[in-house]
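Chains as they are written, first to last, in this note's numbering: chain A, 11 to 212; chain B, 120 to 307.
No wet-lab data here; the hints were simulated from the structure.
Fair warning: this is a prediction, and the values are worked out from it, not measured in the lab.
By construction, the Cβ of each residue, glycine as well, lies at the ideal position given by its N, Cα and C atoms.
Hints may be right or wrong, so weigh each one.
[Unchecked claim] Quick partial rundown of chain B residues pointing at chain A, CB under 7 Å, derived from the structure:
1) A153
2) V200
3) W220
4) A273
[What the hints assert, rightly or not] In silico SDA-like pairs for lysine to any residue, Cα to Cα no more than 20 Å straight-line:
5) B:K247 - A:A21
6) B:K295 - A:Q20
7) B:K295 - A:I181
8) B:K295 - A:Q128
9) B:K247 - B:E163
Letter by letter, the chains look like this.
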Amino acid sequence: MPEDSTRTLQAIWAGQTTHPLHWSAAQLRARVEQFEKEIRRRNLRDYVSFVLVLIGCCIAALMASNLLLRLGSVLMAAWAIYCMHGLYRFGFIQREEGQREDGTQACVAHHRRQLERQRDIVLSWPWGIGLAIPGFVLFSLGVVYSQADPDWSIPIALIGCFAFLYVFLVIQGRTQAAQWQREIDALAMLESDGQASAQASR
Amino acid sequence: MDLSIPRTQDGLEHPRDTLAQDRLYEQSAQEFGAALSRVAAAYESDAAHRQDLLQDMHVALWRSFATYKNQCSLRTWIYRVAHNTAATHALRQKRSRTSQWVGLEEITDVAAALDGERAADETVVLGKLMQLVHRLRPVDRQIMLLHLEGFESAEIADVIGISPNNVAQKIHRTRKVLQQHFRGASNA
């Protein structure tokens, strides 16, 4: 491209109307405090929801009238614990200081880590759902089994629906993860090339 | 303008000092405020979301100065923070639509090339430039934006974290793409 065209485009780019933010450090600090307060409130709400599920499942396991109900409740309790761990690990429940972006990470490394995080999230779905589904199925079977005249059609239909949903989510997650993995590999190659070049220039 | 980290009386840096962090932020926001706005515009076409992104960038920048110890130039640091924040935002917004992004090598279908009078209209050129930039994958987008901001290859390599040779190849490709789409823009 001719140099003058490049300069013209650069001039048009630099000359675009912008609306810069004019915040003083004090305004910024107030904003950060407000943001952190919102995160703390959201964290608390999410943890409380899972703790309530966990307590409910534990009570159900203790009071269950048959083994199926008890096993189902235990698996559901394990699912609630796994979800709490997942929320913390993947940062859906953000740490109090929030997610930090800083200048120590070059853009390619940063983008690669973000994609790795997304990939790990979708690959963890089968485990989370895998604990919930058998728990729910056993619980449903336990409820039907405890009745005097059991009707098995509803739990069988539920098992079919959940199995279909599980397979669908696993396939979708793996397809998405494979797409991200290709991008991660391409970025890792770019990055290693950059690191080799930096070492060679030293 | 002096943008260096303030030092204590015995000459030691104290970037964790809140006042130093505030001062560095305010000076940077003044000098690079317009550039941050341009980065936000290049990642987010919706006005309300763009404002949110810009606020996130400022918050990230202010926070980042707590760990800035002259590891790289201030300009590199600021652009890294801005682009990293924007890329996270873009990934979050387009989580299910990342397949719509294309690389510099594949971008051919944004719109017909501009010629003559339309190329002389800066608003049209800018609109098309934004359209082009919004379609690109984050890394290619970052390279094109830094090129448009007037960065040299070595500086781009520093911000992005890839080799200068790779950057040079990508810039060559960027120029070709711009040439294809903005023939006659030098008359603007």
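Hints and how they fare:
1. A153: With a closest approach of 5 Å, the B:A153 hint holds.
2. V200: Holds: closest Cβ of chain A sits about 5 Å from B:V200, inside 7 Å.
3. W220: violated, 9 Å
4. A273: B:A273 check fails; min Cβ-Cβ to chain A is 10 Å, beyond 7 Å.
5. B:K247 - A:A21: The hint holds at about 15 Å.
6. B:K295 - A:Q20: holds, 15 Å
7. B:K295 - A:I181: violated, 39 Å
8. B:K295 - A:Q128: violated, 33 Å
9. B:K247 - B:E163: Given that 20 Å is the threshold and the Cα spacing comes to 15 Å, the pair holds.
Consistency with the previously given hints fails for numbers 3, 4, 7 and 8, ordered from lowest to highest.
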